[in-house]
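Enquirer: Given the coordinates of chain A, assemble chains B and C onto it according to the supplied hints.
Chains as they are written, first to last, in the numbering used here: chain A, 855 to 1196; chain B, 8 to 549; chain C, 17 to 433.
None of these hints come from the bench; they were simulated from the model. All C-beta atoms in this analysis are idealised placements derived from N, C-alpha and C, irrespective of residue type, glycine included. Among these hints, one or two may not hold up.
Quick look at which bits of chain A chain C covers, simulated, 3 or more residues with Cβ under 8 Å [stated by the list, open to error]: (1) 958-970; (2) 986-997.
Not everything, but these chain C residues come out facing chain B in the computed CB check (under 8 Å) [claimed, not checked]: (3) Gly114; (4) Pro206; (5) Glu208; (6) Arg210; (7) Gln211; (8) Val212; (9) Pro218; (10) Ile219; (11) Ile221; (12) Val225; (13) Ala229; (14) Val338.
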Amino acid sequence: MTSQPVRFYQVGSFAVGNRLFDKENRTVQSDPHRSNSLDSGHRACQGCGEALGARYALDAAMRATGGQLIAVNATGCLEVFSTPYPETSWRVAWLHSLFANAPAVATGVAAALKVKGMQDVRVVGQAGDGGTVDIGFGCLSGMFERNDDVLFICYDNEAYMNTGVQRSGATPPAARTATTEAVGAEPGNVFGQGKDLPRLAMAHGIDYVATATVADLHDLEAKVERAMQFHGARYLHILVPCPLGWGSAPNDTIRVARLAAESGIFPVFEAEHGEVTAVSPIRHREPVESYLSLQSRYAHLFGEHGRPDIVARIQAIADHNISTYGLLEEQAVGTGSNETSP
Amino acid sequence: MKELPFAITLEVGSSHANRTGSWRVERPVYVDRMPPCNNACPAGENIQRWLYEAESGDYETAWRQLADDNPFPAVMGRICYHPCETTCNRAQLNEAVGINSIERFLGDLAIERGWPLPRAGSDTGKRVLVVGGGPSGLSAAYHLRRLGHEVRLVDSAPELGGMMRYGIPAYRLPREVLVAEVERIIALGIHVELDHTVHDIESERRNGGFDAVFLAVGAQLARRVEIPAGDSSRILDAVSLLHRTAEHDPPLLGRRVAIYGGGDTAVDAARTARRLGATDAVIVYRRNRERMPAHGDQIEEAIEEGVTMRWLSTVSRFEGDHLVLEKMRLNDKGFPEPTGEFDELDADSLVLALGQDTDLSLLDEEPGITIEEGVIEVSPAMMAGGNGIFAGGDAVPSERTATVAIGHGKRAARGIGAYLAGQILVDPPCNELATFDHLNTWYYSDAPRTRRPELEQARRQSTFDEIFGGLTEDNALFEARRCLSCGNCFECDNCFGVCPDNAVIKLGGSARYEFDYDFCKGCGICAQECPCGAIDMVPERI
Amino acid sequence: MLRQIEGSRAVAETVARCRPEVVCAYPISPQTHIIEAIGAMVKSGQLSPCEFINVESEFAAMSVSIGASATGARAYTATASQGLLFMIEAVYNAAGLGLPIVMTLANRAIGAPINIWNDHSDAMAVRDSGWIQLFAETNQEAVDLHIQAFQLAEELSLPVMVCMDGFILTHAVEGIDVPDQSDVDAFLPPYEPRQVLDPSDPISIGAMVGPEAFEEVRYLSHLRQLDALERIPVLAGEFTESFGRESGGLLHCYRTEDAETIVVALGSVLGTIKDAADARRAMGERVGVVGITSFRPFPHDAVRSALSRARRVVVVEKAFSVGFGGVLSTDIAMATHDDDLTIHTVVAGLGGRAITQHSLEGMLVDATNGRLERLTFLDLDHGIIERERDRMTATRRSGPSAENILRDLGTVASRIG
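One chain only, chain A, in its complex shape (with noise of 0.2 Å):
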């Protein structure tokens, strides 16, 4: 019998923390003295996927640039919660302008800092998905096609959250919204391909485009770290629950994402110049269901009166994930981040 090497610690890299890794290896959010970029006193929801997500992405972006970061915000929730006046939640240097725009203000920001010789100093765009697959898309496009130095973020919580949950372009399928109410033959949000903004992204051929979600904390910081080791435009997507527009408990947020993942329903890759070069794979794949039943925006699709038709085919859309992006871990291109020797 040959001695195995000696991998993780009881929950690995799944965890935030890990007191058996270096230094280099532990994550930003389990540093005691992390930035907090989004800080306590915010008027979030409980259990809110998009604050977590924020200080999440911001805080391992200072981390990479030694705090030399500018932030730039599109009008939505997270501008709303974190920024009432007289409060700000806010520990980095950040601009509010409006909904549409925030990928270019962040241009300008990035051409100022340029003009001054101040390209140590690194500018993050942010929005939800409203601000980024729909009203923001032509700004983005924009920003992405001149390939400024600007890392643009969506927070995904597929729907305007902040309006009272209206539906966008990255509301998924059958989901209900204020504006695509459960009732009718086909309840929910319509069966299509809504706007699959990452891969929008990559065909603009920037260096690099990755999702993530709030569950997969290792990954999310890799994939910032990665991001911003590139000079030009990049994308992140990260999906992050919402708990008063998928009806989910707000305790759930976290499992919910996680289910995503699980599920296949939100595939987790990164990508360089256009092609995926890594996926995460499935740990241990679950039905849509099991996703699903955890949020009232699915109801319609369960119990007496349920709707395992429509089920079936997120299941399908799921699948199709799971063989396009190769998800599970037989088959993965890459392996993700989740097993890191300490």
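Expert: Leaving out everything else, chains B and C in the frame of chain A:
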């Protein structure tokens, strides 16, 4: 104060004025739950804690934590039937953590490196007599010394160890390991008197001026049944077979040996017989395998070594060169009933392994002690009578394993300590059990269990060499890190990281965390995402 | 030194001498020549350091300017017409955030019907956005106003829009003096932002402000515009000292001392109006002219003072508020606040229609004779209006008016298809 445009531009840190804690209807609180391994350990080990130390590679601290409860890690790492592993929550995920093998690794390392046990406590002036030098007596002596009591340990045998020496075969417990751990205990300053049989406890106590007594006399008397047998039929008991084998004076058994009984002793006897040259070692047992009291891994190992089984059979008589067996069947309640059908089994000798009894004649003159079904009734503090007589091990009602005996010894030492201080032993309140449903198992890595190297079959059937080797350091470390730390914070930082409101304060070191209730909104993500179930949500006070 | 040079080119060179650090460009006539020229100067290295960014829309152009300005860079862009409307949300935002962006507005009509020629509808559409709006009468003034605009914007931390008539000025080649770099440098200090995005001293810019403070924020913007009313004449004076010519200020008066009738207007049409006034004076009518340079902030006191002795005021406007009337006229009425003063609104030059001296003189004759109505449209073809209104009355599906009128006029476009 910077001069900033009014209202549209805000200063860092201003959100701290908004105490979002007022939103909360439930608050998270940190809890410690009882890990199932600790709960199941008869020796009362804090298994999870010593695994935690081992996980970081600090084996000495791990061993010290372990030896704090149990002075026999190397022995227990070999012979314990590890009920901890049976209840281990990881078994529901894939396979139980190999606690026993890590215990052995730590025990062997301690012997190799010569780590000493903790020193004796400062002298209390009290004297305690321990009767019996088996696991229970030695454990009691160890803990009594640490409490600062003077200990006199007497045993009727020429060597210490009790059943660990005279009952458990060397292939399971090499004698040098036992000796090393016994000597380490004795080195704490225990007065030992061997070949000394106590006949009357009261006079022994009075003559020695002892303030308390711990009886750990074991169960040495083999239970016999009358089996009609011819003159030439050779019948002996397992206790003496194992005892004599341990003393390098094995009895002659012949080529074909039948062992009658279904406990671990029967299995030990059969495996010993194989090693003494028996070509056939057959266990005859009146029920079936499922109902056999011997531990499953022991049965499997025996079968691997060529021991065979006759289930549902009783020995009717021994006729010269063969046994006559009556076939049995199990009734509705699982009890064996005779069928009237008979069978034969060739045998040169028959080893009876039908259980053991305790010789309690030393208590004949002692008032106030209750003996039921051949064992001594004791209080929760292991006290047998009102005047400072305590008892433990095989001599009291309980499962008869060395681990249980060690636990008795520790408990009795505490009971005696309380008694000598004029107090009553009070157990601290027990935490709620950390059951599997408390865990968020997604976080735990999928780690297959590490196997111990095994001795090849040929040598297992002919020698008393130890069957199982120890783990390498890498393997022990790997195995320790499979621990889920059920119910107790192991500082994975999940709560600290997953809080959307930064309302968890990381205290650092091993001081764990605190909630910042000024900002905690009570969303409960921390509790939900705690891998080990160490956070509870409780309703907020009005 | 005077050079024969296109207005756009002169403005571009002047802007370059103001050392903008970030210039955004999105093409729309008639401002394209300005950003084309600046782009070339950046690309050649003549203007350095400067980032020239070709964006995907005017909305992005203003947004990039916002980001750059908030990061402490001197930011400039130019637009017109539909482009201004497309960026209007960001126009308001830049003012609300108090970012000293300078933008050239090459004034042009707004569709539909689409029209690329000059009027002032675009500038009027953002009248209330919080920007300072300065109107250039000539290309020389356009050049000079840009230098003052950067100074004013950065001093007050407010954005400034320099309005110059599309084509009439932007595409006119004439003798213009583009100031030397050294003179501009001496006049215009480097940009010292009032607030800036700085990782070493982070702040949050762009908070959500509720009812408890919004009105105060707005009032503070108003006060800053009132501050501008103080600063604009001072700056103009300083400019005159440095450059030796008069440019800018709140307004220009021409022969108003004894004028009974004063014509008020914005931009390049003032030249023609002055010619008409001269002609009427030759006929013995006491006509004067007031050109408003600072439309926002609006110089109430200066206007009241300039018009205090007039009996009637004729406001010639290249824009109007549909369903109401003149925009500038309303402001004049508010400023004068004199019941004895008759104020006429003459809407003229919409969509680039030439405003001729002849028509203006005719209008002034009417005014002098009391025949001018309170709201008139100069050179309006009443025949066309009648025919189209008849058509609309006769048939429900009368078709689009613009195309009908073109057909009536028998223009080339109407014969296609």
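Enquirer: Now look at each hint and say whether the structure bears it out.
Expert: Comparing the hints with the structure gives:
| no. | hint | result |
| --- | --- | --- |
| 1 | 958-970 | holds (count 13) |
| 2 | 986-997 | holds (count 4) |
| 3 | Gly114 | 5 Å, holds |
| 4 | Pro206 | 19 Å, violated |
| 5 | Glu208 | 13 Å, violated |
| 6 | Arg210 | 7 Å, holds |
| 7 | Gln211 | 6 Å, holds |
| 8 | Val212 | 10 Å, violated |
| 9 | Pro218 | 5 Å, holds |
| 10 | Ile219 | 6 Å, holds |
| 11 | Ile221 | 5 Å, holds |
| 12 | Val225 | 5 Å, holds |
| 13 | Ala229 | 5 Å, holds |
| 14 | Val338 | 33 Å, violated |
Hints 4, 5, 8 and 14 from the list above are not met by this structure, while the remaining hints are.
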